[in-house]
Structures are given as structure tokens and as C-alpha cells.
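Residue numbers (my numbering), protein chains in the order written: chain X, 25 to 218; chain S, 50 to 545.
These are calculated hints, taken from the structure and not from any lab test.
Hints are not guaranteed to be accurate.
With a straight-line Cα cutoff of 25 Å, these simulated SDA-like cross-link-like pairs (lysine to any residue) come out [unchecked claim]:
hint	chain 1	residue 1	chain 2	residue 2
1	S	Lys511	X	Lys27
2	X	Lys27	S	Pro227
3	X	Lys69	S	Pro227
4	X	Lys97	S	Val57
5	X	Lys97	S	Met406
6	X	Lys97	S	Lys483
7	S	Lys483	X	Glu109
8	X	Lys29	S	Phe457
9	S	Lys511	X	Arg174
10	S	Lys139	X	Glu94
The calculated label-pair distances, taken between Cβ atoms and stated as ranges, are [said to hold, decoys possible]:
hint	chain 1	residue 1	chain 2	residue 2	range
11	X	Pro156	S	Tyr461	19 to 27 Å
12	S	Asp525	X	Thr104	32 to 40 Å
13	S	Glu507	X	Lys27	31 to 39 Å
14	S	Thr119	X	Asp98	43 to 51 Å
15	S	Gln151	X	Tyr56	51 to 59 Å
16	S	Ser228	X	His196	43 to 51 Å
Here a beta-carbon is modelled for each residue, glycine too, at the ideal position from N, C-alpha and C.
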Amino acid sequence: MAKAKAIGKLDCQAPTGEIARLIARIRLEEMYDWTQYVGSPYYTKELHNLRIAAKRLRYTLEMFEEVLPEHSKDIVEELTQLQDELGLLHDSDVLIALLRLCLGGQESGTAYQKALAHVEKQKRKKKLMVPPELVASILDPANTPSAEERYGLEHLLMQEQHIREERYHTFHEHWRWLQKQDFRREIVHMLDQF
Amino acid sequence: MPIDQSPVRGAIDIGSNTIHIVVAHSTPDDLDILDDEVDLVRIGESVTTTGGISDQKRDETFAVLQRYKTLAEQLGAANILVVATEAIRKATNSSTFLEQMQQETGLTVHLISGDVEALLTFLGATYETVKEANPDAPLAVMDLGGGSTELITAHGPHITWLTSIPIGSGWLHDRYMPSDPPHAEELVAARTFLQGYFQEMQVQQEVSTLIATGGSANSLLFLAQHADFLDASVHHLTIDALKQCESLLTSTPAAAIAERYGQPLERTRILPAGCLVIQEMMARFQLTEIQVSPHGIREGVLLAYARYGEQWLERLQEEARNMCLDKPEAGESIPLQHDETSDNSAYNKPFARSGQMMLHERLHKLLDWRDEVLKQEDSEAVHKMRVASRRFRAILDACEPCCDARRFQKVYREIKQMADLLGAARDTDVMLQKLQEQHEEVPLEEQAGVAWLIDRLETYRKEKQRALEKYFGNLDKETLKRRVESCLPKGAQNDG
């Protein structure tokens, strides 16, 4: 998860209404920095970061709700929907990554070693979709799946990949609609109002 | 002194929809009501449309107050106390309106805050209950209004918590179920919204008695009695009676119901929404019935005056201020201030001061979930605490430039550690929930694989629960609170 963009210098004695707008604009830019990946369905990390950035913007609008125009609530609703769609996508990505690791790592010998090496490499790069502790727990050599269990896992993986495609499609359609509505401008306009 | 020899006083409340009067013999703990009247003036309608109180509404209010004043004097009232609430608070011309009312009627109209309103409602709605056998029983009062709901919990007469929820029957009707009668999908959406909202609401105590007051609750009781869903002598609404009311209200146009049962059409239109709010509040408290009280603010005013005399309002304001120091709020909105109502003052408040208040409130909200997570009774507790931690971090991020860097980093690291632990547990819960649902649905030959993964994830989840227990077992809440408080240096909070 990408760290939140620093707010930078603030006049702490400035009116809360002004600061709220300043912070919201930073969070808005942060969110739009990730939107270049919207059309790339398999940039899973980046789409996850977009989700986190949308969430940060949403929380900012919510925490300063009292000093923002009423319309901020409609924007919060839209952001919540976006965040939910990306959340479901992320859930699928995590499960798919986990299943791939299970299926790649449960055979003894080379494949197992490869899976562990892959995890170690990704861990060093901090690119893991699944927490290393969870991987270690799942890839317990004392609890490998039987052939029948592997069959079920294979099917589960295929099914989840299909679900993931649908989820991405839902999100993507929603995003295109937001683009058509000029959602970014709508937010900027709301922040310009008092 | 026997109650019928105690002084007679009148109390009038000017609300968004109605103006009410009650005239009664009053003691500090009891009332003997001589007369009670209500007029539907709907000042709120004018305020919502134009921002101010129109001349027509002002004249109607004036006429009602004159009539009420005469009534109270005829019944021998030594004092007539008048309070005004939400609609007048919001009106752009409230000062002029209050002055005119005083000049034209000779009555002083006190504009009270939302918190004082909640205290008065509580006093009025419970004075009969607390006289009963178990006066210290945990109870709650919900005052369901058109635009908001006041919720107060207490042990007998001692209030433990109060909050104002920005959901009222009028609001829910306008936003989620405007059709007449409401469509099935509108009902589903409204119910889903309420369930989500009330689930997030962290009530400070469970209660065995819920007393509902306000126009919608009383109208629903009236409807249930007159439609034969309840015996006419009972003053409580059961969940079954409410479901029958819902069924009637959602299958019959409001005009037909209004005509059949002699109820105002405007009230009848918003009753389906009121019915849902009450049902979901009952579900939140796991109750199957509620008491309905016809009493509220005005009875509270009479009791408060009998207790504190001329200082009644100052005493209540002080009490409300003291309660607000620890008052958690429901839902997502964070009030930046408690004692003022002007949006401008919230806007202009120095950020360092608002930030301090938000940090304080959100930290409390976050830490309040600790025990629930450890108890493991509510499967959503981990999720809710994780969300609370994210919200708290969002405020930390916003406040960082005003904070002492070293202290801030320390707190930030600690909250991040907590959030990471909660995140690992929650993400596993999400996968488990999904797999458990799928396990039932996949063909038999694929079930073994799903079961294997569930088993592995459950083992991992137990490890995460142990880690959470260890972390929270060592967490000193008071130390963390002090650390957070000290992040914003005192100088940064000085707003002159």
C-alpha cells in the first residue's frame, strides 16, 4: 500500500474550512495519480493503490463534512462505490495469488522450491499480494493438498479468475461513466465553493 | 406537597413541524397534566425552502402562541416557558423572529441547542418510567423527528450517553422511499442503509427498555391500535405490530390511510420511513417491543423548571456541556464543535483546535472496539476496528504538519502496527467467508479443495487472533491517549 502523500507545510491557525479544502485537493491529486492504470486490468498493485487513495479522499471529505458544501456527500457516495468495486477486485487478486502459490508450491521438489524462492524474491521487493506469513502458513510441507484437493483448488482458481474479470469490468464501466461526468472537475468545483 | 397543590405551569415547544403546549401541576419528579394541545404549523417547510421563516409561518406561529398563552392563563399557569428547536436554529432570520414573538406575545422564546433538546426530551419521556419498580434499569430514549433522531441511554434517571443521528423519518422518506406507497426495492435500499448505519453506531451500553417519542412513534402506535394490530389499551409497540403497520403502509396510498384513520396526510406519507427506523433501532438493541411515550420536550421543560427554578436553562446547558466532553457520535460525521450551531464558526475554527478534537474523538472510537475484538462475539468487530483505525490514520495524516514530528512518528508507528494486525485478521476473514459460502455451492468433487484451503486459513486466522490478543493485552490505552494528545503542541492549539 502506497504511503499517503505528505500534506506539507500548513498554517495550523488557519480556518478549518480552508485547510479541509487544501488537504482534499492533495488527496484528489493523489487519487488521480493512479488513474493512469485504470485501463490496465492486471496492474493489481496499482489498482489497489488507486483504491486506497480513493478511500483517503473519501475519509478526508467525511471528516471535514461540516465545513464542506452539502454536495460533498454525493461525492463521498460515488467514492464509496468506487472503493467497494476496487475492494472486490483486490479480494479476487489476493485469492488468485494465494491459489497460484498453493498450486505452484505444493508439489515437492522443484516447483515447491520455486514457489518459495518466488515469495522470497517478491518479499524483498515488497511486491507481495499475499502477506508472507500467510504464504508460509499455507505452504506448510506437513499439510500439502491431496490430488482431489488440488483438483478443487484448480477449479476454484479458474472460477475466481472469471469472477475477477467481471469485477474489473464493473469497475471499469463505472470509471468510464465517471470520466464522462467529469468527476474530477465536479470535485474541484465542490471544493471551490463555500 | 400533593401534586395537585403544586404550581401550575405551561410549556410550549416550537418544533420543525408542530407547536405543542402542555399545562400541568409540576414537581421536580412528577406532572399532573391539565391540558395538552398540538398545532401543525410546519415552520421547517419554510426554512427548508427559503432558509428563513416566512411571514405566513410567523403569523401562524404568533396566532398559536397567543391562543396557547390564553389557555395556560385560564388554567392558572404561573409561568409559561417557551423553547424553540431545529427549524428556528437553522433559520436565517431566527433573531428577528424571536424578538417579534417576544414583542407580540410577551413570551420569551428560548432557542435551545440540540444537546439541551435531547436532555429535555429524556426528562419528559422517562419521568413516568423511572417511577416504576426498577428505576435504575438500563434504558434508552429515541426521539424520532423528521430530520434527525436523538438517542439517549441511561441507567434510570442518570444519562450515560447521548447522540444525534442525522436520520429522521422525513429524511429517510425523501432520500430512499419517496414513492407512495413505497416500492419494494425502495424498502430494501432503505433497510440496507439503516442496517449498515446502525451497525456502525457504537452504543455505549445495551438496554432492556427503549422508549420512543415523537410524532412518528405516536402515530404508529395510533395506527396499530386503530387497525387492530394492538389492543387499544397498550402503550407499547411490538415488532409484530410494526411489521403489520409496515405491510399496511407499503401496500396502501398515504391518502387512503390518512382518510381511513383520520391522520394528517403529511404525517402519514412519512410513516413507512418512521416504521423502518424504529424497527431497525429495535434490531440494533435486540428488542422485540418498545414503549411509546406521548411526552417529550415540553414535559421536560416543566420538570427542569420545577427542579432548578429560573436557572433551569443554564443548568441544563452546563449538564449538556459536561456530557459532550465524552460524547461519542454515531455514523460517520464528526461534529467539529458541540456548543455552537453556526456553520461559519465551524469553518473558521483554527485547524489545530479542530484537529485536536478530531484526534481525541476518533481515538476514543477506535479504542472502544478493543474489547469487542477480544471477545470475538461480533464477527464484524475486527472489520469495524480496522475501519476506525483507517479513519484515525486519515486524521493523523491531516494533522501531521501541526504535530511534533518525533511524537507523531511514535504514535503513527503504533497505530500502523495495530492496523496491520487488524488487517491481516480481517483479510483472512473475508477470504474465509467467501470460501465458506462457495463451499456449499461447488460440485462435490471440488469441495475437498475448498475445504482444505478453509482449514489452512482457519489455522492462520487463529494465529492472528492470538497476535491481536497479545497486542491488545499489552496496549495501555491511557498511555496511547496521552501520546496522541501530546502530538499537537499546546501552542499550536491556541486560537486566541
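Hints and how they fare:
no., hint, verdict
1, Lys511/S to Lys27/X, "29 Å, violated"
2, Lys27/X to Pro227/S, "43 Å, violated"
3, Lys69/X to Pro227/S, "42 Å, violated"
4, Lys97/X to Val57/S, "48 Å, violated"
5, Lys97/X to Met406/S, "22 Å, holds"
6, Lys97/X to Lys483/S, "31 Å, violated"
7, Lys483/S to Glu109/X, "16 Å, holds"
8, Lys29/X to Phe457/S, "16 Å, holds"
9, Lys511/S to Arg174/X, "24 Å, holds"
10, Lys139/S to Glu94/X, "15 Å, holds"
11, Pro156/X to Tyr461/S: 19 to 27 Å, "23 Å, holds"
12, Asp525/S to Thr104/X: 32 to 40 Å, "34 Å, holds"
13, Glu507/S to Lys27/X: 31 to 39 Å, "32 Å, holds"
14, Thr119/S to Asp98/X: 43 to 51 Å, "48 Å, holds"
15, Gln151/S to Tyr56/X: 51 to 59 Å, "54 Å, holds"
16, Ser228/S to His196/X: 43 to 51 Å, "32 Å, violated"
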